[in-house]
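Given next are the chains, with one letter for each unit.
Protein chains: 2
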Amino acid sequence: MRITILLFTLFFSLSINAQTDSALIKRIFDEALKNGKSYSNLDYLCNKIGGRLSGSPEAQKAVEWTFKAMKEAGADTVFLQECMVPHWVRGQKEVGKVITSNSKGIKEVPVCALGGSIATPAEGLTGKVIEVMGIEGLKKLNKEDVKGKIVFFNEPMDPTFIETFNAYGKAVMQRWAGASAAAEYGAIAVVVRSCTLIQDDNPHTGVMGYKDSIVKIPACAISTNAANWLSNYLKTDKDLKFYLKMNCETLPEEKSYNVVGEVWGSEKKDEYIVVGGHLDSWDTGKGAHDDGAGVVQSIEVLRIFKASGLKPKRTIRAVAFMNEENGGRGGKKYAEMAKLKNEKHTAAIESDAGGFTPRGFSSEGSVQARMKLKSWRPLFEPYGIYSFDGEGGGPDLGPLGEQGVFCMELMPDSQRYFDYHHTAIDTFDAVNQRELEMGGAAMAALVWMISQYGLN
Amino acid sequence: MRITILLFTLFFSLSINAQTDSALIKRIFDEALKNGKSYSNLDYLCNKIGGRLSGSPEAQKAVEWTFKAMKEAGADTVFLQECMVPHWVRGQKEVGKVITSNSKGIKEVPVCALGGSIATPAEGLTGKVIEVMGIEGLKKLNKEDVKGKIVFFNEPMDPTFIETFNAYGKAVMQRWAGASAAAEYGAIAVVVRSCTLIQDDNPHTGVMGYKDSIVKIPACAISTNAANWLSNYLKTDKDLKFYLKMNCETLPEEKSYNVVGEVWGSEKKDEYIVVGGHLDSWDTGKGAHDDGAGVVQSIEVLRIFKASGLKPKRTIRAVAFMNEENGGRGGKKYAEMAKLKNEKHTAAIESDAGGFTPRGFSSEGSVQARMKLKSWRPLFEPYGIYSFDGEGGGPDLGPLGEQGVFCMELMPDSQRYFDYHHTAIDTFDAVNQRELEMGGAAMAALVWMISQYGLN
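Sequences listed follow chains A and B, in order. Using the numbering used here, the first residue of the first sequence is number 72, and each one after it goes up by one. Using the numbering used here, the first residue of the second sequence is number 72, and each one after it goes up by one.
Please note that a few of the clues may not be correct.
Because identical chains share one entry, a pair is satisfied inside a single copy or across any pair of copies.
Said to hold, decoys possible - Below, a list of computed lysine-lysine pairs in the PhoX-like style, where the Cα atoms sit at most 25 Å apart:
#1 Lys210 / Lys139
#2 Lys97 / Lys241
#3 Lys309 / Lys164
#4 Lys339 / Lys306
#5 Lys218 / Lys443
#6 Lys105 / Lys306
#7 Lys218 / Lys282
#8 Lys443 / Lys287
#9 Lys241 / Lys105
#10 Lys132 / Lys175
#11 Lys241 / Lys164
#12 Lys108 / Lys97
#13 Lys287 / Lys142
#14 Lys210 / Lys306
Don't read these hints as lab results, they were simulated from the structure.
Can you make the complete structure from the sequences, with help from the hints?
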């Protein structure tokens, strides 16, 4: 009998809580959708500051602006975390040309240097082209087939993945590691098919890396339309040449900052829940979806709590990480400081998958915490958020995850993300206001649940 | 013992089926995402034909093109269903002006006639303005407050509805019924806030109706930016006047057609599953999301079955309905013919909520069929389709539903729909290829399940 009463009481109090939480989560969404500031903040970040690669003056302006924006959102305190960042610059716009060996003459094609690449010689370089499907395709060749040539990595993203990040994860290897792989075979440069699922004229940049012991060769991205054309043309004109001129350069490292704003917890002020995005972006566009969205949503989480009068038990920390794109130094610095100060982190959530309608949260950490996270699904389903099974925390949270912190990433609808990713068209007008606002609200709602109940 | 074996066998065969269906549904999505034709078809429909209001030459062109497109998709047969449709024309572009009673002078504002409205006198009309919040707001006034004035219906859509169609359903009443309601109070015209959740300069048209016994007065939509400006300005300048000139006209009814294409069932050829969208659109834009998307997705269902070699047990009918926007004559005609021929319809699915990422299906009909539909959810969740609880079949399916047919509507993500709905910016470039393709695949997958298992 006693156990029945206990169970009944437990059930009853759980139901009451679920009702209260449900009402509070509605309050959060209402606040975001009625009075949201993330959209106007993103407008400022994209259109008044613009693209903000680490080490650039725009990145510094973005740090200063974010500091103010967090204050305006009502943060109880805002501070900076200094870190050194790589400073790579694109220089003058790149030139790519296909020089046919027949009557078609010369065709200029849209290319852009991959982040971290060396430049070509000042006069550019010219070479015959050999097309391969990813690094696996390269490895099927003999060195004499490749020597002195430009390797054209043309593996497309697989359109049959529903979650487009899975297709990206597969195709991006040729972008990241293609240059050194090709250099080992004697190539003089690499031209890499843009990582996107659409056919258009925008080259997609993104970071690449060199192996230490291998000679460095220039690496560029080419638009998918141009890649398709080149691939077709190569079938009948194997002697065509490619001309490439890039003026990029790696300068000495610069001082930069993470920006951190807090809303203090009412009961456990020294326990932190991080919500974050990254403040740096590629230089070709305005960094709207990647990742202005994540930054303004994180600021919005602070604002929502203050504006709607919700008192979190634990402290919420919005973090605008610096240098996700080409170094991850901000994420490392944050984790380093957390360890140094022996801070207790209950959880961390990143938004770095675009300002699209939220669909769920992926996570990385203890099974117990994952189970608890998943048990909250009924509270999120009325907002179209139903997916809690994905694996992975956010890219800036990796170092924190290594310290055992439970890390999550907001998973928005991914169908459009790679249309814009790392291109000139990742601009403010590519972001829909409601979709952006709902992402911020989803993060705030999850922060609410974690701040109240923890994840153990 | 026997029952155990039976249950085991049943369970085993169900699992096998689930595995087979899961694989077949993947085949459907793969086909749509790799070889889909819905996007290029939509390009043609929007950019080569354009807006296609019932009775227009473009609507006739769309009928002829759809006939060919269904043939090309591999339909076993394509035929037309004749129906008479209203023929309303906009005439010369409308003019709306706010004439302030002070130094601000005259401000031109974006307006457009609501579908079905009468024109103003040739020289336009001018009147003082009285602002109300919906028809309820109007009813709070006295007739002498309204008489001789222009009623400005300014109830906004409520942004806190997550499903934006629910917000639309509430706010649209002032558009549909506002003119006659205001005329009963002696108004000379109505200006209606556009049904959208964004603030911009596009007026949103849409159908309105007159009560038979009430004098007809002109009705136009005004953009949300202009509505906000007017509302604010009215606070200090109550004597401002509004000038409106509209040249629209209702012409005699025209002959038009539904276009119907079939893929025949292998076992129950005389049992039909309808997939449809509507072929007519408003004239201001190109009818891309509303409802070119639904038409090309329905054609795509036929193509997917043919191209992937799936043999449905029941016959699939793709229907491009005519005249959803201002009469629903195509839907009525289809149901009338179905009754006349005593056709057995297993189910009907419409896509008329835009070419956005699919999220679920709403439905209307027997509880048993709803339960069965819902039991298939696990097969759809890998594609982000998780919502099977919504109520309602498609707008063209109403008359079929009245005959007892189980009707469903594809529910895509609704956050962006009312940005484009009934405006000049409902154009091809507002549609994302993958989102459109996934909607068609979702319909094909559901058709597969119904064609194999029925809904009883």
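For each hint, the structure was consulted:
1. Lys210 / Lys139: neither (51 Å within a copy, 47 Å between copies)
2. Lys97 / Lys241: Classified as between: cross-chain Cα gap 20 Å, same-chain 38 Å, threshold 25 Å.
3. Lys309 / Lys164: neither (28 Å within a copy, 56 Å between copies)
4. Lys339 / Lys306: This pair counts as neither: shortest intra-copy Cα distance 66 Å, inter-copy 48 Å.
5. Lys218 / Lys443: Close neither inside one copy (55 Å) nor across copies (62 Å); limit 25 Å.
6. Lys105 / Lys306: between (56 Å within a copy, 23 Å between copies)
7. Lys218 / Lys282: Answer is within: at 18 Å inside a copy they meet the 25 Å cutoff, but 81 Å across does not.
8. Lys443 / Lys287: neither (48 Å within a copy, 60 Å between copies)
9. Lys241 / Lys105: between (40 Å within a copy, 17 Å between copies)
10. Lys132 / Lys175: This pair counts as neither: shortest intra-copy Cα distance 47 Å, inter-copy 39 Å.
11. Lys241 / Lys164: neither (29 Å within a copy, 52 Å between copies)
12. Lys108 / Lys97: within (17 Å within a copy, 40 Å between copies)
13. Lys287 / Lys142: neither (45 Å within a copy, 55 Å between copies)
14. Lys210 / Lys306: within (20 Å within a copy, 73 Å between copies)
Hint violations for this structure: numbers 1, 3, 4, 5, 8, 10, 11, 13, all remaining hints satisfied.
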